[in-house]
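A.B. asks: Given next are the chains, with one letter for each unit.
There are 2 protein chains.
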Amino acid sequence: MRFTIAKAKFEKALNIASHAIGSRSANPLLMCFKLEVSAKGLEITSSNNDISIWTLIPIEENGGENIRSVIPGATLLDAKILSEIVHKFEGNEVSVDVVDDAIAKIDDGRAVFKLNCVKAEEYPDIDMERSGNSFTLDSAGLIQLVDQTAFAALDKDTRPILTAINLKAEAGKLIATATDSARLSRKSTEVDSTLRFIANIPAKTLEDIVKLLDGVKSVEISASSEKAVFSFANTLISCRLIAGEYPVSNSIIPQNFSYFLEVNSQQLLNAVDRASILSTDRAPVVKLTMSEEKVEISSSSDQNGSAAEQLTTLQYSGERLEIAFNASFVSQAVRALGSEDVTMSFLGEMKPFVIKNPKDDSIVELITPMRTR
Amino acid sequence: MRFTIAKAKFEKALNIASHAIGSRSANPLLMCFKLEVSAKGLEITSSNNDISIWTLIPIEENGGENIRSVIPGATLLDAKILSEIVHKFEGNEVSVDVVDDAIAKIDDGRAVFKLNCVKAEEYPDIDMERSGNSFTLDSAGLIQLVDQTAFAALDKDTRPILTAINLKAEAGKLIATATDSARLSRKSTEVDSTLRFIANIPAKTLEDIVKLLDGVKSVEISASSEKAVFSFANTLISCRLIAGEYPVSNSIIPQNFSYFLEVNSQQLLNAVDRASILSTDRAPVVKLTMSEEKVEISSSSDQNGSAAEQLTTLQYSGERLEIAFNASFVSQAVRALGSEDVTMSFLGEMKPFVIKNPKDDSIVELITPMRTR
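Residue numbers (my numbering), protein chains in the order written: chain A, 1 to 373; chain B, 374 to 746.
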């Protein structure tokens, strides 16, 4: 096996594949990349418990040559070391030459590395086959779905189903929902009205996948009952799904409210951030006190003291209401909306409340209040 | 006690004083700033086991007013919380108003904090008095002395004296020396020929102090047998010295060599960095093999394989020599020199070698080789 490859292309592909390399694995072979070169080009495969990645660098692309001097073959090479070597090479081309299935000579015309390698046959079988329903989404749309919901998923494994983003397509809408049971974020986007699709994809995996979509136009997503496959730009990413029914119905979001507030997003964020300073807790509690006369953010701590400041109210309707919440839940929700102003709708002191962008109905944030002392 | 102060000045002074606030202290009062306002201005004091800081914001400065509405007095306020509040304030002025020695009201005209505070009388006495020999150095000179030596000091407390930078003035030279006993860095600068001065100042403290010299022209340094005081721009920093005699003589650096190499610094750094990739050790060992024909950097690891590359030699004189060293010692030394090319002078395989900037005799790096396998 041997080939000479454009360094920039090789580095980029290794970078993509390295997203499926963990910091350690029970199976040391999974700390390796599988490299296979043929008339098709160079295929790089990587896998860990959560995701598997396959990416191809074609021999030629857009009339230019990526790879030359090919002798077909395959090998396994330590992923971290190969990535670092190629990253630190200064030459424009990298040659890989495997001798006796045991040593890979890697050089850029200046430095020469001789790496111990493993026979490709020892690598486990990785199933990258696409099956089940599939649809294509523009990358920007997928990135937004993930960015605006993933933060609300559960970040520990106490209830595995809640570590997922629930992706569901029906009646012309693709809806992404994430919740840790104390707050929920839901974003929808329009899709073909005939599409039926449902999958619980780990939020962390989705966050990792969208990082790879830089410069990619669209992504095809296929899901069977056990796995989803993302396909784009000579790359396939397969990830396991989380089994079980997602415990959130479409009707969880209340529709009629008794109190309604509209404020500037940045002012709300700054006030909540300042009021959080006094907390000695990892989840700072901040209080919002509203009336037609004034709207105030406040907090207090036995140890440190108290803080209060008024918000400029764009609009408030309702009786006087006092509600306390986890400051970072509100901050993350307001940031996810990304709008100049936000509306907050309440049913009462201990009822979940809704934060929205007044100009965009496709995203909604639901937060359960905390008990005030 | 009360005052109203320009936010930017207050924030900058708190930032300086916060360098003497540890992450925790056996004495909770040392987690506080002492604030004292009088006709002089606002004095902020902070202290931990290693250093104490006193800084003054004068009432007026360069014809502008820093502080107004003063009622003299003093108080102790939680350092982290006060710093964060002032940092996150959006107003241009901050008012501090202490009521009954128990509550400090802090506001920027928008948000109001009421912080629990402690009587100033409870703060320990901090000795900021300057004594012993003193001299003035331009800040750039002090920053260079520290930047070019501190990295070579011992970073653990196994031999306290070696955690210091030894500053010694005699015969018209101020010499800074740091060593962890496996390598040494020494930088000298010219001073008044009558100056006699010697002090072992913790390297970490010096690194922290030079961070505060942004925009400062010159620094006065005084040292008695137990402490050094740095004085600049309305600020005093006092730090404890490390007792004992510094175990390095002026004559430790060899003067006559049998082998001499000159190479480009960046090329050497890149080659050493690449050769370090294969190491599974925290202190990667790299080998330099020199002869008049070629100069090569190489490394090998039973687990991963081997690496080798040639350096473009600007000059080599001597027999064939093979020498192994801790890669990061050489990288740090070459970076500290900051020159385009470096010279390396050797006495033999197991003798300490010297790295220098061929155009600057004021800095010298000495490194003990490692045994090759």
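Simulated from the structure, these hints should not be mistaken for lab results. Glycine residues also receive a C-beta, built at the ideal position from the N, C-alpha and C atoms. Watch out, some of these pointers could steer you wrong.
To be verified - Some residues of chain B that are not near chain A, with every Cβ distance over 12 Å (derived):
| # | residue |
| --- | --- |
| 1 | S396 |
| 2 | D480 |
| 3 | A484 |
| 4 | L488 |
| 5 | E692 |
| 6 | K732 |
Unchecked claim - Pair by pair, the computed Cβ-Cβ distance ranges are:
| # | chain 1 | residue 1 | chain 2 | residue 2 | range |
| --- | --- | --- | --- | --- | --- |
| 7 | A | D155 | B | G514 | 18 to 28 Å |
| 8 | A | A26 | B | L402 | 45 to 55 Å |
| 9 | A | N256 | B | V472 | 42 to 52 Å |
| 10 | A | H87 | B | D654 | 44 to 54 Å |
| 11 | A | D302 | B | T567 | 39 to 49 Å |
| 12 | A | R335 | B | K413 | 40 to 50 Å |
| 13 | B | K413 | A | D214 | 54 to 64 Å |
| 14 | A | D214 | B | L568 | 15 to 25 Å |
| 15 | A | S18 | B | V472 | 51 to 61 Å |
| 16 | B | I534 | A | D97 | 50 to 60 Å |
| 17 | A | D302 | B | E494 | 33 to 43 Å |
| 18 | A | E61 | B | E384 | 34 to 44 Å |
A.B. asks: If you test the structure against every hint from before, which numbers come out violated?
C.D. replies: The structure conflicts with hints 2, 3, 4, 7, 10, 11, 14, 17 and 18, although it agrees with all the remaining ones.
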